[in-house]
Amino acid sequence: MPTRSSPIKYRPTVWDALIAAAIIALGLLAAVLFYTKNARGGSAIVTVSVAGEVAERAALSQFDGDHVYTGNGYTLTVSAHDGEIFVSHSDCGGQDCVHTGAISRIGQSIVCLPAQIVIRLESASPGDADVIVG
Amino acid sequence: MNGAMKISAKNIALCGVLSALALGLSVLESFFPLSLLIPLPGVKLGLANIVTLFALYTLGARPALAIWLTRCVLGSLFAGNASAFLFSLLGGLASMGVMIALRRWDRFSVFGVSLGGAAAHNIGQIAAAAVVLNSTAVIGYLPVLLFISLVTGALTGLLVSLLLRAAAHLSLR
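Protein sequence lines correspond, in order, to chains X and F. For the first sequence, position 98 matches number 98 in the working numbering, and the numbering has no gaps at all. For the second sequence, position 12 matches number 12 in the working numbering, and the numbering has no gaps at all.
The set of hints was computed from the structure by calculation and includes no laboratory data. Errors might be hidden in some of the hints.
As the list claims (entries may be wrong) - Estimated spans, in silico, between C-beta atoms of each pair: (1) F:ALA13 / X:ALA21: 38 to 46 Å; (2) F:ALA167 / X:VAL54: 52 to 60 Å; (3) F:ARG62 / X:GLN62: 31 to 39 Å; (4) X:LEU29 / F:ARG104: 21 to 29 Å; (5) F:ASN134 / X:ALA25: 26 to 34 Å; (6) X:VAL14 / F:ALA130: 53 to 61 Å; (7) F:TRP105 / X:SER88: 30 to 38 Å; (8) F:ARG165 / X:GLY65: 57 to 65 Å; (9) F:ARG104 / X:ASP66: 50 to 58 Å; (10) X:GLU84 / F:ARG165: 47 to 55 Å; (11) F:LEU162 / X:SER61: 51 to 59 Å.
What the hints assert, rightly or not - Derived contacts from chain F toward chain X, CB cut-off under 10 Å, selection only: (12) SER35; (13) TYR57; (14) PHE111.
Every residue gets a Cβ at the ideal spot worked out from N, C-alpha and C, and that includes glycine.
With these hints in hand, go ahead and build the complete structure from the sequences.
As structure tokens, this is what we get:
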């Protein structure tokens, strides 16, 4: 194998900077692609999906109160009030979903990987149109 | 690829020691997860990758793969989370592939290989999560994860660079 003979480069090279630049560019691209589509405005729709299936879909304004979902053996309590939605309790190990805190803007989401539950705020406008004219 | 591969007792012992070290580091890391500071799924320091990267440079691609796989399987057995295993397996596969390729290419330093591996790990995990959850919502995490991977990747690169220099006089192969 040729790796055996290639000497080790201990110090950063220009090529390393290229990798860093590529990672930054990829991050920015993902951010632009993902967040420009989800501009603010309109009333948000809450979509809760469990293992890829939509379990509940409702206007955020009508979602107030506690909702309990189970997925993959884990139980999540999703609470909503005053236009904010958050996971108030989860019996999963990581607690990432609880630590994510409250979301309130279109495009934001809370993901619980162990329970395979995604809570997403989507635009109320029909379809996935970026701009609606007329 | 010729299948001829000499496995000496010394190499097996080294792989065992490094696997144990990687496993220890990943368990240690679970006691103070970075996700407490930055609460996003998939955020972690990746301490165990120090060992994998060190092995890639000192022992070669195949032993590094073996050490990574051992740590991945045993680590998720200890953590007892099957879905986490899938994510770390796919993230790790992407990471190992990129690191081995960048090391072969011979233009990048330890830092570049580490950065590429860290970013690939996140991309692999996000891709796995998008498929499992059947939702593109997780792609929203990618910019933040990639930014964090720049920091953790550089840190891992620095540590491995120092380790390799310190171990340069040892004939580990």
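Evaluated hints:
1. For the hinted restraint 38 to 46 Å between ALA13 of chain F and ALA21 of chain X, the CB-CB distance of approximately 41 Å keeps it satisfied.
2. Taking the beta carbon of each, ALA167 of chain F and VAL54 of chain X are about 53 Å apart, inside 52 to 60 Å as hinted.
3. Distance hint for ARG62 of chain F and GLN62 of chain X: a CB-CB separation of about 57 Å, inconsistent with the stated range 31 to 39 Å.
4. For the pair LEU29 of chain X and ARG104 of chain F, the beta carbons lie near 26 Å from each other, so the given range of 21 to 29 Å is met.
5. ASN134 of chain F and ALA25 of chain X have their C-beta atoms about 28 Å apart, which keeps the hinted 26 to 34 Å range intact.
6. Distance hint check for VAL14 of chain X and ALA130 of chain F: the Cβ-Cβ separation is about 33 Å, which falls outside the suggested range of 53 to 61 Å.
7. Under the hint 30 to 38 Å, the C-beta atoms of TRP105 of chain F and SER88 of chain X, about 49 Å apart, miss the expected range.
8. Under the hint 57 to 65 Å, the C-beta atoms of ARG165 of chain F and GLY65 of chain X, about 59 Å apart, fit the expected range.
9. For ARG104 of chain F and ASP66 of chain X, the hinted distance range of 50 to 58 Å is satisfied, since their beta carbons lie about 54 Å from each other.
10. Here the CB-CB span from GLU84 of chain X to ARG165 of chain F is close to 51 Å, well matched to the stated 47 to 55 Å.
11. At about 56 Å, the beta-carbon gap between LEU162 of chain F and SER61 of chain X stays in the expected band of 51 to 59 Å.
12. The beta carbon of SER35 of chain F is positioned within 10 Å of a beta carbon in chain X (closest approach about 6 Å), and the interface hint is therefore held.
13. Hint status for TYR57 of chain F: holds, given a least beta-carbon distance of 6 Å to chain X, under 10 Å.
14. Using the Cβ-Cβ criterion of 10 Å, the hint placing PHE111 of chain F at the interface with chain X is satisfied: the shortest such distance is roughly 4 Å.
Hint compliance for this structure: hints 3, 6, 7 are broken, all remaining hints hold.
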